[in-house]
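Asker: Position chain B relative to chain A; hints supplied.
There are 2 protein chains.
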Amino acid sequence: MNLLLLEDADFVAADRAILRDRRLTHLHDVHRAEAGDSLRVGRLGGAMGTARLLRLQADEAELQVDLDQTPPAKLPLTLLLALPRPKMLRRVLQTVAAMGVPRLVLLNSYRVEKSFWQTPFLEPAAIREQLILGLEQARDTVLPDVSIEKRFKPFVEDRLASVAADSLGLIAHPGDYPACPRGVDAPVTLAIGPEGGWIPYEVEKMIAAGLAPVQLGDRILRVETAVTALLARLY
Amino acid sequence: MNLLLLEDADFVAADRAILRDRRLTHLHDVHRAEAGDSLRVGRLGGAMGTARLLRLQADEAELQVDLDQTPPAKLPLTLLLALPRPKMLRRVLQTVAAMGVPRLVLLNSYRVEKSFWQTPFLEPAAIREQLILGLEQARDTVLPDVSIEKRFKPFVEDRLASVAADSLGLIAHPGDYPACPRGVDAPVTLAIGPEGGWIPYEVEKMIAAGLAPVQLGDRILRVETAVTALLARLY
Numbered sequence: 001m002n003l004l005l006l007e008d009a010d011f012v013a014a015d016r017a018i019l020r021d022r023r024l025t026h027l028h029d030v031h032r033a034e035a036g037d038s039l040r041v042g043r044l045g046g047a048m049g050t051a052r053l054l055r056l057q058a059d060e061a062e063l064q065v066d067l068d069q070t071p072p073a074k075l076p077l078t079l080l081l082a083l084p085r086p087k088m089l090r091r092v093l094q095t096v097a098a099m100g101v102p103r104l105v106l107l108n109s110y111r112v113e114k115s116f117w118q119t120p121f122l123e124p125a126a127i128r129e130q131l132i133l134g135l136e137q138a139r140d141t142v143l144p145d146v147s148i149e150k151r152f153k154p155f156v157e158d159r160l161a162s163v164a165a166d167s168l169g170l171i172a173h174p175g176d177y178p179a180c181p182r183g184v185d186a187p188v189t190l191a192i193g194p195e196g197g198w199i200p201y202e203v204e205k206m207i208a209a210g211l212a213p214v215q216l217g218d219r220i221l222r223v224e225t226a227v228t229a230l231l232a233r234l235y
Numbered sequence: 001m002n003l004l005l006l007e008d009a010d011f012v013a014a015d016r017a018i019l020r021d022r023r024l025t026h027l028h029d030v031h032r033a034e035a036g037d038s039l040r041v042g043r044l045g046g047a048m049g050t051a052r053l054l055r056l057q058a059d060e061a062e063l064q065v066d067l068d069q070t071p072p073a074k075l076p077l078t079l080l081l082a083l084p085r086p087k088m089l090r091r092v093l094q095t096v097a098a099m100g101v102p103r104l105v106l107l108n109s110y111r112v113e114k115s116f117w118q119t120p121f122l123e124p125a126a127i128r129e130q131l132i133l134g135l136e137q138a139r140d141t142v143l144p145d146v147s148i149e150k151r152f153k154p155f156v157e158d159r160l161a162s163v164a165a166d167s168l169g170l171i172a173h174p175g176d177y178p179a180c181p182r183g184v185d186a187p188v189t190l191a192i193g194p195e196g197g198w199i200p201y202e203v204e205k206m207i208a209a210g211l212a213p214v215q216l217g218d219r220i221l222r223v224e225t226a227v228t229a230l231l232a233r234l235y
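If you read the sequences in order, they're chains A and B.
Here the numbering used here is used: the first residue of the first sequence is 1, the next is one more, and so on.
Here the numbering used here is used: the first residue of the second sequence is 1, the next is one more, and so on.
Quick caveat, the hints were computed from the structure, so don't treat them as lab data.
Since this is a predicted model, take the numbers as computed values, not measurements.
A few of these clues could be false.
Identical copies look the same in the list; a pair holds intra-copy or inter-copy alike.
[Said to hold, decoys possible] In silico SDA-like pairs for lysine to any residue, Cα to Cα no more than 20 Å straight-line:
(1) Lys150 - Ile199
(2) Lys114 - Asp29
(3) Lys150 - Arg85
(4) Lys87 - Val30
Isolated chain A (complex conformation) (with noise of 0.2 Å):
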């Protein structure tokens, strides 16, 4: 945690904020903070800032917050990812959200296991807990948007081409295709398939949207990794 996340609910006051839950034991057992130490404190959607520990109690601490940063700059990017399965599907949350992707699209693909979309990671409260982690990581407080489209058909008909609308528009997909491109100045639309890779029928769907097959070299990387690796070359 290189970052504390203060939520509305945890302020008491503009500039004081009261603990009670996971971040609390944080500060104990990690930090092992004193009271009047100073911490780096963020708040969920808006600034960041440093705190000073008031009191720190086993059941509470107090501190006095003073917010003054903006957060980082999002990516000016739209992330499609086939469902990866449950375990992978949170460490790719928490990556999405440390490297400043800002919208999240989880889309269904012929290759996505139909039991991944069973799994309790997937609720709201679920997928919020691991954005988080990955915010307090990077030292973040945006949480991305991010949207489920269990039926891939309908999604890719008739809403990408308005999604993807006014982007680079690009399918990371294995074979004889342009490398991905570097450094771009622009807004992106980027698919990533699952495991296996999109079917062909996927591919034809989503460049009649107006994508294009782009590939990343001969390697298979876990869907975490060419996550991160096809973010971390785009921009």
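Answerer: Below, chain B without anything else, positioned relative to chain A:
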């Protein structure tokens, strides 16, 4: 497992191999393979190709192997990595192998907890196991060379300059430094610090050995994510 890796001991003839271990289990449980199936295989340290499954029984499988492809090129890179915490170490070893890093040096740093050096995951067999998972993921056959340097100062003072000779030497370090270069067409020696980063003394020592600090933006990434992001940006 996107590539079934065969070792010398598996071969009973130049083009025949017998499997009995976790790879046999994988054929049964994950591939749900059947006699006659064609599989992607590679010989550890050698070529890649296909194998026909001649027999698949509960206790062993027999393959007829045809190896006619060279494995993918490695990156022209030596990666110096402050020893990560044990759980992260395992994932980083997979990532390093999957991304095509040929040489990894696990290095001490002031902010590496001493207990990390006691982990059984640093045993040669444990390191090899994770590297093989990375090779199987990415479809590569050549194990990275991993060396362990438990003392920062003698390594950096006496040997780093020759390790980094004829390469672009870079220290990933947050701060007011040039951005990490993109798409370089040269060998690189890249040093990535521990959680919390290198201390100033360590940065100075590496600068004295010919490396230069570069930064990757405001966001603080987990080690595994930082490794992937830096490699994807460099190459």
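Asker: Hint by hint, note whether the structure agrees.
Answerer: Outcome of the hint check:
For the homomeric pair Lys150 and Ile199, the shortest alpha-carbon distance inside one copy (16 Å) is at most 20 Å, but the shortest distance between copies (47 Å) is not. When the C-alpha separation of Lys114 and Asp29 is checked against a cutoff of 20 Å, the pair qualifies only between copies, where the shortest distance is 18 Å, while the shortest distance within a copy is 40 Å. Only within a single protomer do Lys150 and Arg85 lie at most 20 Å apart by alpha-carbon distance; the minimum there is 14 Å, versus 37 Å between protomers. Proximity of Lys87 to Val30 under the C-alpha cut-off of 20 Å is restricted to the inter-copy arrangement: shortest distance 17 Å between copies versus 25 Å within a copy.
Consistency with the previously given hints is maintained throughout, with no hint failing.
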